[in-house]
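Novice: Line order of the protein sequences matches chains B and G. Counting the first sequence from 1 gives a position; the working numbering is that position plus 468. Counting the second sequence from 1 gives a position; the working numbering is that position plus 154.
Hints should not be assumed to be uniformly reliable.
Claimed, not checked - Pairs of lysine-lysine, DSS-like flavour, derived with a Cα cap of 25 Å:
hint, chain 1, residue 1, chain 2, residue 2
1, B, Lys556, B, Lys571
2, B, Lys721, G, Lys235
3, B, Lys781, B, Lys571
4, G, Lys235, B, Lys519
5, B, Lys585, B, Lys556
6, B, Lys781, B, Lys556
Just so you know, these hints were derived from the structure itself, not from any lab.
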Amino acid sequence: MSTQAAQGPTRPQSRTRPARKDRKGSAVDRSLNWIDDRLGVSKAGRTFMDKIFPDHWSFMLGEIALYSFVVLVATGIFLTLYYIPSSKEVIYHGSYLPLKGRKMSEAYLSTVNLSLKVRFGLVMRQAHHWAADVFVGAIAVHMCRVFFTGAFRRPRELNWAVGVTLLTLAIVNGFIGYSLPGDLISGTGLRIMFSIILSIPLIGTYLAFFLFGGNYPGNGIIIPRLFIIHVLIVPAIIAALIGAHLFLLVRQKHTQFAGPGRREDNVVGSPMWPNFMLKTTGFQAMVAAVLLGLGAFAQINPIWQFGPYVPYKVSYAVQPDWYMAWLDGALRIMPSWEFAGFGHTIPLEVTLPAVVLPGLTFGLFYAWPFLEARFTGDYLPHHILDRPRDRPRRTGLGAGILAFYFVLFGASSTDVLANYLHVSLNAVLWSFRVLVFVVPVIVGFLAYEISKELAALPDSGKRKRAMIVERTPQGEYLAEPAEPRPGDGTEELEPEPVPVHMPVAELVGSGSLGDETGTEAGPAGVRQVER
Amino acid sequence: MVDHEELARPWTLPPDDPRLQPYAKNPARAEKVIAACFIFAILCLAAFGASYWQAASERVMGGFLAVGLFALGFGIAAWGKYLTPRGPFEEPRHILHGTQLEQEAFQAAVVERAEVVIGRRPFLIKLLAMAGGITAVVMAFPLLRSLGPLPGKSLFHTPWRKGSRVVTASGRAITVDDLEVGGILTVFPEQAPGSAVAQTLLIRVATEPIVTQPGRETWGPAGYLAFSKVCTHAGCPVTLYEEQFQQLLCPCHQSLFDIYDGAVPVFGPAPRPLPQLPLMVDDQGYLRAQADYDQPIGPGFWERTTT
Ligand code: HEM
Ligand code: FES
Chain B
469 MSTQAAQGPT RPQSRTRPAR KDRKGSAVDR SLNWIDDRLG VSKAGRTFMD KIFPDHWSFM
529 LGEIALYSFV VLVATGIFLT LYYIPSSKEV IYHGSYLPLK GRKMSEAYLS TVNLSLKVRF
589 GLVMRQAHHW AADVFVGAIA VHMCRVFFTG AFRRPRELNW AVGVTLLTLA IVNGFIGYSL
649 PGDLISGTGL RIMFSIILSI PLIGTYLAFF LFGGNYPGNG IIIPRLFIIH VLIVPAIIAA
709 LIGAHLFLLV RQKHTQFAGP GRREDNVVGS PMWPNFMLKT TGFQAMVAAV LLGLGAFAQI
769 NPIWQFGPYV PYKVSYAVQP DWYMAWLDGA LRIMPSWEFA GFGHTIPLEV TLPAVVLPGL
829 TFGLFYAWPF LEARFTGDYL PHHILDRPRD RPRRTGLGAG ILAFYFVLFG ASSTDVLANY
889 LHVSLNAVLW SFRVLVFVVP VIVGFLAYEI SKELAALPDS GKRKRAMIVE RTPQGEYLAE
949 PAEPRPGDGT EELEPEPVPV HMPVAELVGS GSLGDETGTE AGPAGVRQVE R
Chain G
155 MVDHEELARP WTLPPDDPRL QPYAKNPARA EKVIAACFIF AILCLAAFGA SYWQAASERV
215 MGGFLAVGLF ALGFGIAAWG KYLTPRGPFE EPRHILHGTQ LEQEAFQAAV VERAEVVIGR
275 RPFLIKLLAM AGGITAVVMA FPLLRSLGPL PGKSLFHTPW RKGSRVVTAS GRAITVDDLE
335 VGGILTVFPE QAPGSAVAQT LLIRVATEPI VTQPGRETWG PAGYLAFSKV CTHAGCPVTL
395 YEEQFQQLLC PCHQSLFDIY DGAVPVFGPA PRPLPQLPLM VDDQGYLRAQ ADYDQPIGPG
455 FWERTTT
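Kindly produce the complete structure, drawing on both the sequences and the hints.
Specialist: In structure tokens:
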């Protein structure tokens with residue numbers, strides 16, 4: 469690359485293909501030039517290879533989500549080759565005895581065969597389901613990271629919104645996927661979904677009828693529709709949004725925690741190539757490995773045991789996937805407050821927990837960056853992250869809100885808890901009705917206080933070096949930090965700019981930008997660098 | 155301007171700068187560990203291939219693949235962490251917004267041009283807005299309306315008719331002698347066995363007629379009571395019968411319905427009683443419906459009128 473690139477754009481344009489012996493550089497060099505000739509990517513490509521990734525473990529959470537999605541697509545494509553999206557009634561003649569001769573939908577039959585007959589099918593199916601659970605979980609935890617460190621602040625509000633949309637779509641697609649096999653549990657879930665849509669005032673009936681092709685259970689069109697939504701429409705939107713998410717990430721560059729050499733106007737870490745690319749490729753393989761391992765060893769959704777969906781039967785283990793459980797919990801503890809009057813009915817006992825609550829939840833998520841800027845008056849751009857303790861109020865509020873959803877999650881097992889604790893269902897129900905308001909307040913308050921305490925302690929959270937305590941002959945005690953042992957971590961150096969390709973090199977390295985490159989100081993003392 | 159000399163040089167630090175040294179304290183050892191990972195991965199992945207060929211169990215296949223992939227990934231990631239320049243490196247962060255001049259030029263381009271071509275034509279703007287609006291509305295017809303039938307009155311009726319014979323899911327007609335006291339059965343009208351909407355719980359609580367509510371004097375002949383099985387909360391089938399308390403339990407969110415009291419909800423989120431189906435016994439002893447349910451079954455919806 470070096471010799472060719474050095475000639476830059478003035479490279480002679482030959483009309484004939486040079487003889488093999490005259491061609492310069494390696495095959496890779498020449499292919500890069502070939503591409504650059506046609507697309508002009510050398511400059512941007514070089515910048516991209518130099519992109520800096522701050523090293524912090526919490527930045528891996530988003531990667532887990534991304535790589536789970538890759539696994540979802542890969543395993544999902546495998547599933548589509550066997551799964552038949554049809555509710556046509558067929559009779560099972562396979563080798564699994566408990567189902568022999570049972571009537572079932574073609575969808576259910578194909579999922580049973582996929583699990584029990586197709587070689588490696590069960591691992592793929594279970595890995596797909598595990599990947600969905602991990603996907604949503606990783607997004608949620610990643611979102612908490614972004615929230616508690618203030619990474620959503622200007623200029624990253626848009627990417628926060630993209631992230632919230634991704635979370636919504638992941639949950640929606642997970643629920644739809646769960647409904648595809650047509651087993652007893654997922655069928656019950658669909659029935660509840662129909663009722664939830666039905667509960668929307670004014671338009672609910674129409675929406676439900678349009679989606680299902682008629683009154684529940686519809687005219688058999690719902691499974692094919694859910695299928696195409698699940699395997700094409702939502703994944704395509706998710707893929708596009710992930711693209712937008714990463715584009716914004718590159719455009720706005722990473723945030724970073726405060727530390728030696730780290731300022732608002734730089735990013736410190738390791739470069740895209742080779743450090744990050746190797747690490748992240750390896751990490752993709754590890755995430756895939758863990759999900760496949762779960763698929764191989766941890767049974768999930770054994771639909772052949774649940775039996776096919778029959779509208780008048782129900783399984784006693786009606787439990788949705790974990791990311792739907794907060795809605796289920798909300799449905800359980802909501803009092804039966806149906807509104808009826810003026811010739812109309814609003815089933816508030818369904819509308820409030822299952823329509824209004826998620827609406828408010830995601831509305832609040834979308835609005836948070838703007839609300840926070842409004843209330844703190846801080847409209848400045850931020851690239852250095854907060855530690856959660858630096859913002860006791862945000863941390864307290866966030867912890868309280870999280871606690872609210874955790875309690876709702878817990879409320880989805882009222883019956884299990886009642887059985888387990890040998891108390892009446894009524895007692896459990898009322899406890900949750902109280903807890904759902906009390907726990908968030910307590911948790912929020914504690915988080916607030918703890919943050920304030922921690923923030924007041926200098927050096928808290930840093931790993932401490934051993935102290936050597938000595939007693940003098942006079943009986944005095946002297947404490948002194950021990951010498952760092954060899955290999956107690958690498959010493960901190962001032963960061964060095966990655967290979968530079970602009971005259972700003974020395975200036976950036978020395979922390980001040982000169983006139984010939986910098987113009988106009990930005991709002992937070994960030995200077996603009998012209999490329 | 156791009157400096158081509160700079161472009162040519164991949165790394166601007168002197169080769170012995172600590173930042174260019176690998177992160178590993180002992181790179182030779184790290185290399186050995188990574189090599190071991192790769193060898194192990196190769197073996198496991200080959201074993202996956204072999205086990206697939208031999209149709210081994212799903213666990214064995216999945217296990218080999220997962221462990222092999224993990225070792226491979228671990229090796230690559232360790233390579234990226236321990237054998238690459240340890241840094242730290244830095245890149246400048248650019249301000250995203252343009253200069254004030256650039257911003258003004260952009261605003262001018264958008265606003266002034268709009269002023270020129272659009273601002274002076276308010277009439278066209280109104281027409282365009284109307285056209286846009288009507289496009290949105292008419293596109294909704296095929297996109298939404300074709301998806302399914304209008305609800306109409308369909309939520310207000312079930313397939314139960316006056317005189318419908320009460321049958322099982324497989325279509326067998328029920329006679330007055332079929333259930334013992336305490337017996338329970340899921341039944342349907344003869345014209346729609348298995349129907350999700352018409353599913354009904356038939357319970358025999360006694361041998362003499364049962365009245366659950368005023369006005370329902372004739373609805374429970376020979377101790378038979380019939381209630382819609384569709385929960386009034388979110389539509390799950392109400393399947394559990396607690397004979398001791400004469401209650402029905404919905405397994406989804408634990409609503410409890412009191413049978414003797416006309417299945418009014420006594421616990422849980424369900425807002426309304428399960429509608430009761432008026433029964434009768436015909437001359438040959440078959441159970442029949444006197445009529446359809448007197449109110450819409452199942453969960454609430456906007457058009458449902460108060461009863
Ligand atoms: C966007 C993220 C996705 C999520 C959260 C997700 C989630 C799920 C879940 C929870 C199931 C139920 C699995 C079970 O236990 O049976 C499922 C089934 C299925 N998924 Fe996905 N999925 C996603 C993307 C995809 C993609 C991209 C495809 C195909 C291109 C796909 C194809 C399928 C098929 C065919 C089934 C039904 C077969 C079966 O149930 O075994 N999925 N999905
Ligand atoms: S559906 Fe019956 S209690 Fe919720």
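Novice: So, against the hints stated earlier in the document, which numbers end up violated here?
Specialist: none
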